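Peer 1: Protein chains in written order, with UniProt numbering: chain A, 1 to 109; chain B, 1 to 340.
Quick caveat, the hints were computed from the structure, so don't treat them as lab data. Computed from a prediction, not measured in an experiment: that's the story for all the values here. Some hints could be false.
Lysine to aspartate or glutamate pairs mimicking DMTMM-like chemistry, simulated, CA-CA at most 25 Å apart [claimed, not checked]:
1. B/256 x A/96
2. B/197 x A/39
3. A/70 x B/252
4. A/67 x B/290
5. A/67 x B/189
6. B/245 x A/101
Take a look, some chain B residues computed to stay more than 10 Å from chain A by CB distance [unchecked claim]:
7. 15
8. 54
9. 88
10. 89
11. 91
12. 146
13. 204
14. 216
15. 226
16. 245
17. 261
18. 290
Every residue, glycine too, gets a C-beta built ideally from N, C-alpha and C.
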Amino acid sequence: MNLHIDDHQEGNYGMLKLSGEIDAYTAPQLKEKLLTLVEEKESVEVDLTKVSYMDSTGLGVFISALKLSKEKDHNFKLINLQENVYRLFNITGLNEVINIENTIKGGLS
Amino acid sequence: MSSLQTDMQDYKDLLSKYLETKDEAILYQAEQFSKQSIQQNISPDEIVNVHYQALKDIYPDLHEQIEGSFKFLIETMISYGLAYQEHQVLREKQIELKSEIGVAANMQNTLLKTSVPKTNAIDIGVKSVPAKEMNGDYHHFIKDEQGNVGVAIADVIGKGIPAAFCMSMIKFAMESFSENQIYPQWILDSLNRVVNKNVEQGMFVTMFYGLYDVYTHQFYYASAGHEPCFILRNETKEFEEIDAKGLLLGVESAVKYEQLNTSVFEGDLIVLLTDGVTECRVDGRFIEQEEVLNIIKEHEHLNSQEIVDHVFKYFERLQDFQLRDDFTLVVMKRNTSLSV
């Protein structure tokens with residue numbers, strides 16, 4: 001399974017819409033796009049509506065983005081996480097440090 | 001070069017004899033010639049050239065087209081020879097790397113060795129199986145001066161050799177803590193600072209740390225983003241989740257971990273595990289864990305080491321069994337007064 005990345009940018013705002021799976025194979029391309037965006041834009045959102053699976057490499061990418069956003073004093077937010085993807089953020093305590101909005105299917109929040 | 005010239009003379013003789021007689025014994029000699037050429041590092045294009053020169057000597061009025069075709073073949077063989085050589089070098093490198101990884105894996109086993117503490121209060125069993133050669137999982141036992149038992153179980157996000165280095169660092173940090181400071185919260189607070197300072201971006205550690213007080217039979221625990229652990233109650237034969245909130249090690253520098261505790265009664269069984277902890281396939285994401293717990297329940301009357309061994313035997317028997325991730329299981333059972 002692949003990861004498809006849609007990229008929308010407007011002024012100081014950037015949004016990535018992801019669909020597919022985030023794993024060791026797809027994470028590098030996501031990391032490259034996401035870190036560039038967080039570096040350049042004051043506010044970045046990642047829409048995970050269509051991400052059905054993510055493993056720990058994906059967590060690594062989002063942690064890197066979080067660290068970079070703090071360094072740059074930029075906003076970084078994840079939106080629309082599926083329940084099983086949210087579970088990872090919950091177990092690892094990352095839901096407390098990463099801005100996460102709307103989880104879907106069962107509505108964990 | 002002189003040896004090539006003698007060989008060339010030999011080759012010419014062989015070739016002309018063979019063309020005359022079609023004697024198969026000569027093919028055997030040709031094979032010897034090939035073997036010698038390899039030993040002397042003679043490239044494929046040189047052999048074709050030897051053949052071409054020999055042919056020209058035997059048939060001086062060789063057709064121009066055939067001469068041209070040999071020049072063409074020699075050029076082709078030069079590229080082939082170079083590509084082949086490169087391939088050989090890579091293969092040798094690969095073998096070398098493989099053996100170095102083997103050495104590293106051995107070193108990891110030696111460095112990370114931990115022994116299961118013996119105590120009258122609890123019976124401990126442990127099994128850890130890496131998915132690849134290097135294990136990204138880690139478990140460690142500490143026994144303090146009063147005889148209380150500390151247990152750590154951890155998983156490094158980011159696998160392979162860097163993960164193994166990270167584990168060694170954590171082990172040495174843990175061993176440097178003085179022997180009366182092994183409360184879980186303190187351990188995780190301190191380890192978080194160590195990992196945060198010393199580990200490169202993109203590598204993180206989940207850890208569950210527990211301390212079993214052998215006098216009060218309290219189990220203190222804290223979790224740094226680790227999968228929940230469990231306790232099988234002897235009275236109800238039901239599992240209870242034991243989990244504490246806490247961030248992965250290495251994300252933020254100042255984290256205060258939550259510490260909880262639970263009373264452990266006779267025959268209760270504590271289960272700590274990593275099961276590709278942070279994997280979350282939609283289909284069957286809990287199944288693996290549930291299966292593990294069921295097998296533990298079925299064998300809870302056995303001693304702890306037998307229980308963990310049964311779990312792994314069960315998985316080994318499954319068809320197409322292949323570990324997706326490193327798998328570590330620790331079982332600690334409070335002895336009943338009869339069995340002490």
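Peer 1: Does residue 15 of chain B clear chain A by more than 10 Å, comparing its Cβ with all Cβ atoms of that chain?
Peer 2: holds, 53 Å
Peer 1: Run the C-beta distances from residue 216 of chain B to all of chain A and say if the shortest one exceeds 10 Å.
Peer 2: holds, 28 Å
Peer 1: Tell me if the straight-line CA distance from residue 70 of chain A to residue 252 of chain B falls inside 25 Å.
Peer 2: Roughly 11 Å separates the two Cα atoms, so the pair holds.
Peer 1: Checking a non-interface call: every C-beta of chain A should be farther than 10 Å from the C-beta of residue 204 of chain B. Is that right?
Peer 2: violated, 6 Å
Peer 1: Holds or violated: are the alpha carbons of residue 67 of chain A and residue 189 of chain B at most 25 Å from each other?
Peer 2: holds, 20 Å
Peer 1: Using Cβ atoms and 10 Å as the threshold, tell me whether residue 91 of chain B really stays out of contact range of chain A.
Peer 2: holds, 25 Å
Peer 1: With d taken as the least Cβ-Cβ distance between residue 88 of chain B and chain A, does d exceed 10 Å?
Peer 2: holds, 30 Å
Peer 1: Checking the smallest CB distance to chain A, is residue 245 of chain B really beyond 10 Å?
Peer 2: Incorrect as stated: the minimum Cβ-Cβ distance to chain A is 6 Å, not above 10 Å.
Peer 1: Are the Cα positions of residue 197 of chain B and residue 39 of chain A separated by 25 Å at most?
Peer 2: holds, 23 Å
Peer 1: Checking a non-interface call: every C-beta of chain A should be farther than 10 Å from the C-beta of residue 261 of chain B. Is that right?
Peer 2: holds, 19 Å
Peer 1: Quick one, are residue 67 of chain A and residue 290 of chain B close enough, alpha carbons at most 25 Å?
Peer 2: Distance ~35 Å between residue 67 of chain A and residue 290 of chain B Cα, so the pair is violated.
Peer 1: Hey, residue 256 of chain B versus residue 96 of chain A, does the alpha-carbon distance stay inside 25 Å?
Peer 2: Roughly 13 Å between the alpha carbons, so the hint for residue 256 of chain B and residue 96 of chain A holds.
Hints 4, 13, 15 and 16 from the earlier list are contradicted by this structure; the remaining hints agree with it.
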